[in-house]
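Trainee: Sequence:
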Amino acid sequence: MEPLIVLVAVTLIILVAGAAGIRRLRPWPVALRGGLAAMFMLTGSVHFVYLRSELIRMVPPVLPYPDLIVTITGILEWAGAIGLLWRPMVLWASGGLSLLLIVMFPANLYIAMNGLATSPEDALVPRTLMQIVFLSASLAVWNYYLRHRSARKYGGKVGHSNN
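Numbering (the numbering used here), first residue to last: 3 to 165.
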């Protein structure tokens with residue numbers, strides 16, 4: 003639940019800052035990028051501290067080296083979070099994080115279906131709904147910047163140039 007709270011709270015804070023006059027923070031994709039970046043910094047961090055052993059147990063037994071998988075996915079989440087904040091990398095970061103969410107979803111199914119859930123939000127329905135929200139947010143950013151890039155490339159209307 004914490005990742006969802008971070009995503010929503012940081013996105014709203016950035017939207018409010020934009021509405022209060024910080025022009026660079028005004029466009030909704032900038033706010034969503036910030037919320038996603040904060041969320042993935044949090045989720046990437048727990049791959050190394052606090053929930054590491056729980057995440058290793060989430061890796062389906064058919065996959066080798068679960069501790070290495072957890073380390074790699076944590077690094078990828080951090081890299082994606084940083085990429086979301088660096089405008090030239092937004093497309094790669096949002097696309098990569100979307101793919102990562104899809105690839106990691108079987109681990110969520112595994113814990114829900116095998117009685118390994120340690121909290122109510124780890125159950126299949128809440129976990130799936132949260133993953134849908136996270137994936138929708140990352141795909142919304144990817145889609146916006148893909149269209150934005152295409153419009154700029156082909157001389158169409160771009161809107162805000164600094165988002």
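The set of hints was computed from the structure by calculation and includes no laboratory data.
Take the hints with a grain of salt, since some may be wrong.
Stated by the list, open to error - With beta-carbon atoms standing in for the labels, derived distance ranges:
id, residue 1, residue 2, range
1, G23, T73, 18 to 28 angstroms
2, S55, R89, 15 to 25 angstroms
3, Q133, I74, 14 to 24 angstroms
4, I104, L70, 12 to 22 angstroms
For every residue, glycine included, the Cβ atom is placed at its ideal position computed from N, Cα and C.
Trainee: So, for every hint listed, does it hold in this structure?
Mentor: Evaluated hints:
Checked against the hint of 18 to 28 angstroms, the C-beta distance between G23 and T73 comes to roughly 42 angstroms, which is inconsistent with it. In this structure, S55 and R89 break the distance hint of 15 to 25 angstroms, their C-beta atoms being roughly 37 angstroms apart. Here the CB-CB span from Q133 to I74 is close to 19 angstroms, well matched to the stated 14 to 24 angstroms. As the Cβ distance of I104 to L70 is approximately 20 angstroms, the hint placing it in 12 to 22 angstroms holds.
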